[in-house]
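Using the sequences and the accompanying hints, generate a full structural model.
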Amino acid sequence: MRKPTRVTNDIRRLRFERGEMTQADLAEKVGLTRQTIIAIEQGKYSPSLEVAFKIARALGVRLEEAFGYPAEG
Amino acid sequence: MSFKASVTAVMLVVLGIVYGWYFAQVLIEAGSTPVADIAYQDLLLVMVAILVVLSIIGVAIVAVLRRRESGQEDERDKVIEMRGDQVGSYVLAVAALAAMGLAMLEGEYFWIAHVLLAGLVLSEMAKAVVMLLAYRRGF
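Heads up: the sequence lines are chains A and B, in that order. Counting in this note's numbering, the first sequence runs from 199 upward without gaps. Counting in this note's numbering, the second sequence runs from 414 upward without gaps.
No wet-lab data here; the hints were simulated from the structure. As the structure is a prediction and not an experimental result, all values here were calculated from the model. Any given hint could be a false lead.
Unchecked claim - List time: in silico DSS-like cross-link candidates among lysine-lysine, alpha-carbon distance up to 30 Å:
1. A:K252 to A:K242
2. A:K227 to A:K242
3. A:K201 to A:K252
4. A:K201 to B:K491
5. A:K252 to A:K227
6. A:K201 to A:K242
7. B:K491 to A:K242
8. A:K227 to A:K201
9. A:K252 to B:K491
10. B:K491 to A:K227
As the list claims (entries may be wrong) - Away from chain A, derived, C-beta distances all over 10 Å, residues of chain B:
11. L457
12. G471
13. I474
14. L505
In this text, a Cβ means the ideal position worked out from N, Cα and C, and glycines have one as well.
Okay, structure coming up:
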């Protein structure tokens with residue numbers, strides 16, 4: 199099945215590098231439900247730009263370290 | 414499943430049971446009785462009351478089971494609800510046009526009322542199905 203979004207992310211790895219931050223911890227920090235963090239990590243939902251910035255900030259990285267987008271072609 | 418998705422699933426089931434039962438009753442009667450003689454109004458009001466009670470019980474159970482997430486809603490829930498509303502509005506528009514057609518042809522009030530009711534119910538159910546698919550598959 200086609201992936202719902204082409205936006206990729208490294209949230210899972212970054213969470214573990216930040217002292218094994220749980221999905222619930224991150225969700226609380228950025229004001230999302232835990233299910234939305236799960237959906238983002240699984241590539242089932244691409245968050246709004248504002249939320250993407252909040253997630254990157256909560257993980258202590260720049261936006262493009264947390265999220266990626268494949269080059270055309 | 415998030416709190417909102419669970420509530421959506423509960424509402425889909427409640428709508429299906431209550432209105433499934435109502436339409437089965439009324440349409441069976443319509444098969445043997447002239448529709449102008451069917452006193453559906455009281456039954457419909459009872460069904461709406463049952464729907465409200467079952468919805469409250471269903472949502473309360475979800476709220477207890479998902480205590481920690483009760484009432485939580487975020488941007489993904491809102492976007493998913495908008496997608497559901499979009500599909501639901503098409504269904505409602507089709508029903509409204511069908512009811513208008515019936516009225517223009519001077520159809521029975523019974524059928525006009527039930528086409529509108531079916532439109533309302535089906536639009537809510539279509540919305541719920543679209544939302545549950547979006548929750549499950551992503552978008």
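Should the label of B:G471 as a non-interface residue stand, given a Cβ cut-off of 10 Å to chain A? 19 Å, holds
Does A:K227 pair with A:K242 here, judged by a C-alpha cut-off of 30 Å? Given that 30 Å is the threshold and the Cα spacing comes to 21 Å, the pair holds.
Test the statement that B:I474 is away from the interface with chain A: the closest C-beta pair must be farther apart than 10 Å. Nearest chain A Cβ is 19 Å from B:I474, so the label holds.
B:L505 clear of chain A by more than 10 Å, beta carbon to beta carbon? Per Cβ check, B:L505 is outside 10 Å of chain A; nearest 26 Å; holds.
Given the hint that A:K252 pairs with B:K491, does the C-alpha gap stay at or below 30 Å? Given that 30 Å is the threshold and the Cα spacing comes to 18 Å, the pair holds.
Assess, step by step, whether the Cα of A:K201 is no farther than 30 Å from the Cα of A:K242, and give holds or violated. Status holds; Cα separation ~7 Å.
When you check the alpha-carbon spacing of A:K227 and A:K201, does it fall within 30 Å? 27 Å, holds
Against the 30 Å threshold, does the CA-CA distance of A:K201 and A:K252 hold or violate the hint? Answer holds: A:K201 to A:K252 is near 24 Å, not above 30 Å.
Within 30 Å, alpha carbon to alpha carbon, are B:K491 and A:K227? At roughly 19 Å apart (the allowed maximum being 30 Å), A:K227 and B:K491 satisfy the hint.
Is B:L457 truly not at the interface, in the sense that its beta carbon sits beyond 10 Å from all beta carbons of chain A? At about 36 Å from chain A, B:L457 clears the 10 Å cut-off, so the statement holds.
Straight-line alpha-carbon gap A:K252 to A:K227, limit 30 Å: 8 Å, holds
Measure nothing beyond the straight line between the CA atoms of B:K491 and A:K242; if it is 30 Å or shorter, mark the hint as holding. Holds, because 15 Å separates the two Cα atoms, which is no more than 30 Å.
Checked against the numbered hints given earlier, the structure satisfies every one of them.
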